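**Q** Sequence:
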Amino acid sequence: MDGFINHQVDPQLMDQCGQKLARRFRRIGSTKILTAEISGIAPAVSTAFHLGLPVVYARKSKPITMPDQIYLTLTPSHTKGRIVELIVSPEYLGPDENILIIDDFLASGQTIMGLVRLIHASGSQLVGIGVLIEKRFEGGQKLFSDLDVPIESLAVITDMSEGKIIFAS
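When you number the sequence shown by our numbering, it's gap-free, plus one each residue, and the end is 169.
For the record, the hints were derived by calculation from the structure and aren't laboratory data. Owing to the predicted nature of the structure, the values given are computational and were not obtained by experimental measurement. Built from N, CA and C at the ideal position, the CB exists for glycine as well. Check each hint, because a few of them may be wrong.
Each pair of labels, with its calculated beta carbon distance range [said to hold, decoys possible]:
(1) G139 to T65: 15 to 21 Å
(2) K80 to F167: 42 to 48 Å
(3) L72 to R23: 18 to 24 Å
(4) D159 to F49: 29 to 35 Å
(5) K164 to I28: 31 to 37 Å
(6) A155 to E37: 17 to 23 Å
(7) Q16 to P76: 28 to 34 Å
(8) H120 to K164: 35 to 41 Å
(9) G94 to P11: 28 to 34 Å
Once the Cα atoms are required to be at most 25 Å apart in a straight line, the calculated DSS-like pairs of lysine-lysine come out as [said to hold, decoys possible]:
(10) K20 to K62
(11) K164 to K80
(12) K80 to K60
Taking the hints into account, I'd like the entire structure generated from these sequences.
**A** Structure representation (structure tokens):
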């Protein structure tokens, strides 16, 4: 992962992933894409490019240029091993928008649930969730069973024990 999304980005691979995600979500009527910084930005931008949509990303710290009124939620970070803030300015996520979440991973589902909370706080409507890689064995998708939106994963890992990575067929 570090070699193509987390530390270094492979733009050709991200373009192909964005094309695939855009095809899967073309007909859901999204008006914006939402992701979390930082690893979600590359697949979100690529998908947005192919859908002709803007991207909003939830920041993990509030810059001084952001207005005082914000949407904020706290969520456990799977990769950081601690609670992180997810922050979005109301000027970029408003009511009556149809939001597609695009992120790099779906593992425990906590980051994506944080994004869902931001969508609900803004009065926007969640219309879909797309990820590059889902670690199905961590059970994160179960958090979304009541959301009634399409959830798409480009690759699904079912097991990572004993030094092997097993993909769903």
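**Q** Now tell me, hint by hint, if it's right for this structure.
**A** Now for the hints, and whether the structure bears them out:
{"no.": "1", "hint": "G139 to T65: 15 to 21 Å", "verdict": "violated, 38 Å"}
{"no.": "2", "hint": "K80 to F167: 42 to 48 Å", "verdict": "violated, 26 Å"}
{"no.": "3", "hint": "L72 to R23: 18 to 24 Å", "verdict": "violated, 33 Å"}
{"no.": "4", "hint": "D159 to F49: 29 to 35 Å", "verdict": "holds, 33 Å"}
{"no.": "5", "hint": "K164 to I28: 31 to 37 Å", "verdict": "holds, 35 Å"}
{"no.": "6", "hint": "A155 to E37: 17 to 23 Å", "verdict": "holds, 22 Å"}
{"no.": "7", "hint": "Q16 to P76: 28 to 34 Å", "verdict": "holds, 31 Å"}
{"no.": "8", "hint": "H120 to K164: 35 to 41 Å", "verdict": "holds, 39 Å"}
{"no.": "9", "hint": "G94 to P11: 28 to 34 Å", "verdict": "holds, 31 Å"}
{"no.": "10", "hint": "K20 to K62", "verdict": "violated, 32 Å"}
{"no.": "11", "hint": "K164 to K80", "verdict": "holds, 23 Å"}
{"no.": "12", "hint": "K80 to K60", "verdict": "holds, 12 Å"}
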